[in-house]
Structure formats: structure tokens, C-alpha cells
Amino acid sequence: MLKLNGITKVFGGLTALEDVSFAVEAGSITGVIGPNGAGKTTLFNIVTGLYTQTTGSVILDRQDISFLETEKLAALGLVRTFQNVELFREMTVLENVMVGLHTKSKSGIFSCAFRLPGQMKEEKTIREKGREWLEFTGLGDLAETTAGSLPFGKGRLLEISRALAAQPKIILMDEPAAGLNSRETFELASLIRKIKDSGVTVVLVEHDMDLVMDVCQSIVVLNLGKKLAHGTPREIQENPEVISAYLGDG
Amino acid sequence: MVTEKKRQFLIFLIFALAALAAPFFLKGNYLLNVLVFVGINTMLAVGLNLLLGYAGQISLGHAAFFGMGAYISGIITARYPLEPFLIMALAALCVGVIAFVIGFPILKLKGHYLAMATLGFGIIMYIIFNETVDWTGGPSGLSGIPNLKIGALVFDNDWNNYYLVWIFTLAVMLLSINLSQSRIGRALRAIHDSEVAARVMGVNARILKVQIFTVSAVISAVAGSLYAHIMTFIAPASFGFNFSVELLTMIVIGGLGSIYGSFLGAVILTMLPEFLRVFQDFDIIIYGLMLILMTMFMPGGLISGIEAIARFIAAKFGRAKDDHAEA
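Residue numbers (the working numbering), protein chains in the order written: chain A, 1 to 250; chain B, 1 to 327.
Only chain A is shown next, with the shape it has when bound in the complex (with noise of 0.2 Å):
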């Protein structure tokens, strides 16, 4: 599904990615995990055509998307989600996920200022696949609230099902848990297994790792951005090198 080959990332003098490879099974939850700096935001950036790599390729289903800019990547199936959570703060909730069906619809400048029959047909769609997402993700009662004013874990969900709403093959999570309290996280892991089972691919960073054990079924560890292991999570909770890069050499 998603591919990474040989990703490094070099900001002026400083090494940020070094030759950073995994591969992403289509249908699957992928934990990135790593102590702080270690590269992890970083590579989702990269992916994400936010930054550009300094040598690499990005792969998604055998489409080379090393160069393509953000935008394009919506409408191939790849979307995401921010560490701060970037809402469309001033617009509805319900705005907020019609936004997220932006390449599912394509009416212009003009026919959208002029109301052209295909247009309305075309808005009306949009509204009701929106509310459906909602539905999907319980924001259903909110749908007219004004986005800015949602609680923290409530606007990570709508970043969520804005997201959703591109209807994407592969959705990459920055730090979903963040600012959750523990009820949250574990309404999270459950909506994240229901993506999943949807047939949407999920890629996670994440620094809670009682979340990302339990979730993932592939998990990347990266430190001080190099790739340190790649397996189940059983493997990586017993792999010294991981221990060590956690809990220092001691």
C-alpha cells in the first residue's frame, strides 16, 4: 500500500531521517513510535508532501508520490491528520467534514456563483455524506456547532471524520491520543479499529503506548531518525535495542 524507500531528511547541517524504509500493509494499523525527535512528524511531513525529502521515494500503490504537492494526495486516498489538531475553526462541524469531501465533487468557480443545476445536485450530495460521517464517528448532534468551540478530544474526532469524509485508502494519524484523557483513548482505539475494518490502511504516530500496543498490528521504531526495528508488537517490546533506546543504556 505504502511504501517508503530509503527516506532522509537533512535540515541545513542536521541529519533528521537517515535512510528510512518500511512498507505499509494495505488493511493494516501501523504504530511509528520513537522518543522525542526521533524523526517521527518528520517522516509524516515528508509523506505527506509538506516537506520534501532530501533523498527517497514515497510509494503509494506503486505511484511514485516522492514530489507530488499536499494537495494531490487527497484524491489518490491519502490523508491525514495534525498533532494540534487543525480544524476549520470558524465553520460548522458539519462545513468542517463537507471540506473533507472536497475531491469528491467538482464544481468550479462559476457554477457554484451561478447555482447551475448539476451544482445543487452536486451540494446536496456533499451535505448528506457529511452528515453520514458524522454518524459514522458520533458527532451526529453536533453537526451545526461551530468547530472552534468543540471540547479538545471532541474536535480530534471531527479532524477524524473530516478526513474520513475524502474517503481514503490510507489515513495517517499524528498523534491521535495526545490531550485525550483515558475514557477518549479508549473510545479512539475502538473508532481506529473501526476504520480499519471499513478497509481503510491506518498509520499512527503515537506516544501512548498502552494505544499502540493494543491497536497495531506493525509497529516502526524510529530513533534519532533511523529506523531501529520494524515487527509485531510483541517483538518490539522484547527487542534490547528498543529497551535501551527507551529507557537509555543504562
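Note that these hints are calculated values from the structure, not bench results.
Fair warning: there could be bad hints in the mix.
To be verified - Distance windows between CB atoms, simulated: (1) A:V10 x B:L10: 36 to 46 Å; (2) A:G231 x B:E307: 49 to 59 Å; (3) B:K110 x A:V10: 41 to 51 Å; (4) B:L10 x A:N36: 29 to 39 Å; (5) B:A310 x A:R131: 22 to 32 Å; (6) B:I167 x A:N181: 22 to 32 Å; (7) B:I309 x A:T145: 43 to 53 Å; (8) A:S28 x B:I207: 52 to 62 Å; (9) A:K124 x B:E307: 25 to 35 Å; (10) A:T146 x B:V154: 26 to 36 Å; (11) B:E131 x A:T146: 44 to 54 Å; (12) B:L289 x A:D19: 42 to 52 Å; (13) A:T146 x B:P81: 33 to 43 Å; (14) A:T146 x B:L10: 44 to 54 Å.
Each residue gets a CB set at the ideal place from its N, CA and C atoms; glycine is no exception.
We have chain A; now place chain B onto it with these hints.
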């Protein structure tokens, strides 16, 4: 249950009817003349609001597009006996092409840098209006611009000009309302709130910003052409930096991201100078002060205050009705 769309359309219908009926109550009144310019300024404010209020991209040079429309229409029709409406369309097209071309490099900039670039563009155009004396008449202005006419109907009095301007203004308002409630309108607001998230959702921010910049410029150009034909005389002073700031003040006072707010701002800033004549050249200070006070105390503009009052009344009224139902 009235849908949001129907409600919006109803509000527009009431607004349009009121606008079209107004002259019957103001016949022979000099206010009718003022309302012609309120119409032109509303058009300009709506155009700028699409760019700043919706897409969140500032322009401090919008008076230049207004001036370009006015001068293209003015220069050509004052010299050649060509159909002014046709030239108006030509002016809109030219300005649209220019805005599109300069839009790509300019809109790569953000925030202060974008403000500076558009400011620079406005100043350059202002200098061109002043210095190309052979064409524009320079600082002393360009006269002899013919009035618009359709057959025997000549737009040379307040009554006719009012309808001429307001038909354009209402059309611009309706199209802008439609746009704001569409996927494009949502995408623009998304860019405003978080450009990176909008891009992740597949919104091509770069192209869309240039598109709305172009639309905004074209609206300003049409307003400029109308202005030239109504005034029959134009001078660079109407298209300088001060006017760009005035437009900005209109939408900040009226309400960023609100079409009716644009109208409200246009009303206030068109009427105000009539009352502020005592301040003469100090009007720019008043505008500056208004900008500061509004952004500090009423960032949603006056329209947000009016909406809040409307909601309050609706809530009271609604509750009274519920009480009734229970009784």
C-alpha cells in the same frame, strides 16, 4: 423547517425588493444620489470581502482595480464612439487577465508580505494614472466620458443611475452569496482557517486564491466602469491608497466574511463623509481609529452585532411561543 439556503434566499429577496423600492420613497431627494455611490461601494466591498473575509487574503491595492476599470472605460469611450457596455466588458476582461497574472506571484506571499505587495501594486497603478497624462489626463483628470445608454434610456440622472448601479450590485451580491454557500466558498474559508489542513483535504489553495483574487478584481473593475460613466469625469485621487484603506474599513466595520456586512460598511463609509465634512482631510484618521476600535471591540463587525440582536429576539419570541404551546 426552513433550510438555511431558503432562509438566505428569503433574506436576499427582501433586501433586493427594499433596494429596488427605495427610490420611490426618495424621489427628488439628494439621498438618492448618495445611494448610487453606496451601491458602487457595496459592490467593491463585496468583492474585497470575498478575498479578505472569505479566503483571508489581504489586498491594500484594490482601488487600483477600481481605477483600471474606470480608466479603461473612460479613455476608450471618451475618444471613440464605441458601445460603452462592450468596453465595460472589455475592461473587466483586461483587469481579470492582469489580476490573474499578477495573482500567482503575489498570492504566494502571506500576511504582511501580501499586504506590502498589494500596497506596492496600488501605488504603481496610482503613479501610472497620474503620469500617463496623454491618456489619463494626469492629476487634472479625464473628462468627456459619455453616460451609458440603452436605446433612448440615458443614465444621466440619479433615478436611472440608481437602478443601473443597483442591478449590478444586487447581481454581485447574489452571486457572492451563492458562492459562499458552495464547495468553493467552504474551500475558501477552509484556506482562511488552516491552509495546510485545506490542502491535505485536496483543496488547491494556490489556484483557488488566484481565482478569487481575479473575481474580486473583476468586480472592482465593473464598479470602476460604472463609476466613470456616472461621473463622466475621473481623476487619480479617487483611486489611491486612501480609497483602498476606505474599502478595507468598510468591510471591517460592516463584517468580514459577510455580504450584508459589506453593504452596511459601504452605507456607513459613504454617508459618514457627508457628516464629517468638518474633519476635511483628517477623514483617514477617523477611518484608522474606526479600524482599531472595531478590531478591538467588535471583530465580527456591526453585522455580528445585528445578528446577535436578531438571535436574541428570535430566542425570546421562540420561547414565548413555546410557553404558549405548553399552556
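Evaluate the given range 22 to 32 Å for the C-beta pair formed by A310 of chain B and R131 of chain A.
26 Å, holds
Looking only at beta-carbon atoms, does the pair T146 of chain A, V154 of chain B fall within the given range of 26 to 36 Å?
For T146 of chain A and V154 of chain B the Cβ distance comes to about 50 Å; the hint is violated.
I want to verify a distance hint. Is the separation of the beta carbons of T146 of chain A and P81 of chain B within 33 to 43 Å?
56 Å, violated
Is the hinted range of 36 to 46 Å satisfied by the C-beta distance from V10 of chain A to L10 of chain B?
Cβ of V10 of chain A to Cβ of L10 of chain B: about 59 Å, so the range 36 to 46 Å is violated.
Is the distance from the Cβ of K110 of chain B to the Cβ of V10 of chain A consistent with 41 to 51 Å?
26 Å, violated
Can you tell me whether the CB distance of E131 of chain B to T146 of chain A sits inside 44 to 54 Å?
Given about 49 Å between the Cβ atoms, the range holds.
Range hint compliance [Cβ, S28 of chain A to I207 of chain B, 52 to 62 Å]
At roughly 35 Å between Cβ atoms, I207 of chain B and S28 of chain A fall outside 52 to 62 Å, so the hint is violated.
Outcome for the supplied range 44 to 54 Å, where the beta carbon pair is T146 of chain A and L10 of chain B
Check failed, 23 Å falls outside 44 to 54 Å.
Quick one: are I309 of chain B and T145 of chain A within 43 to 53 Å, going by C-beta?
The hinted range 43 to 53 Å is violated for I309 of chain B and T145 of chain A, with Cβ atoms some 22 Å apart.
With 42 to 52 Å as the target window, see if L289 of chain B and D19 of chain A comply at their CB atoms.
60 Å, violated
So the hint says 22 to 32 Å: do the beta-carbon atoms of I167 of chain B and N181 of chain A match that?
Hint violated: Cβ distance 58 Å, outside 22 to 32 Å.
K124 of chain A and E307 of chain B, beta-carbon distance inside 25 to 35 Å?
26 Å, holds
In summary, the numbered hints that this structure violates are 1, 3, 4, 6, 7, 8, 10, 12, 13, 14.
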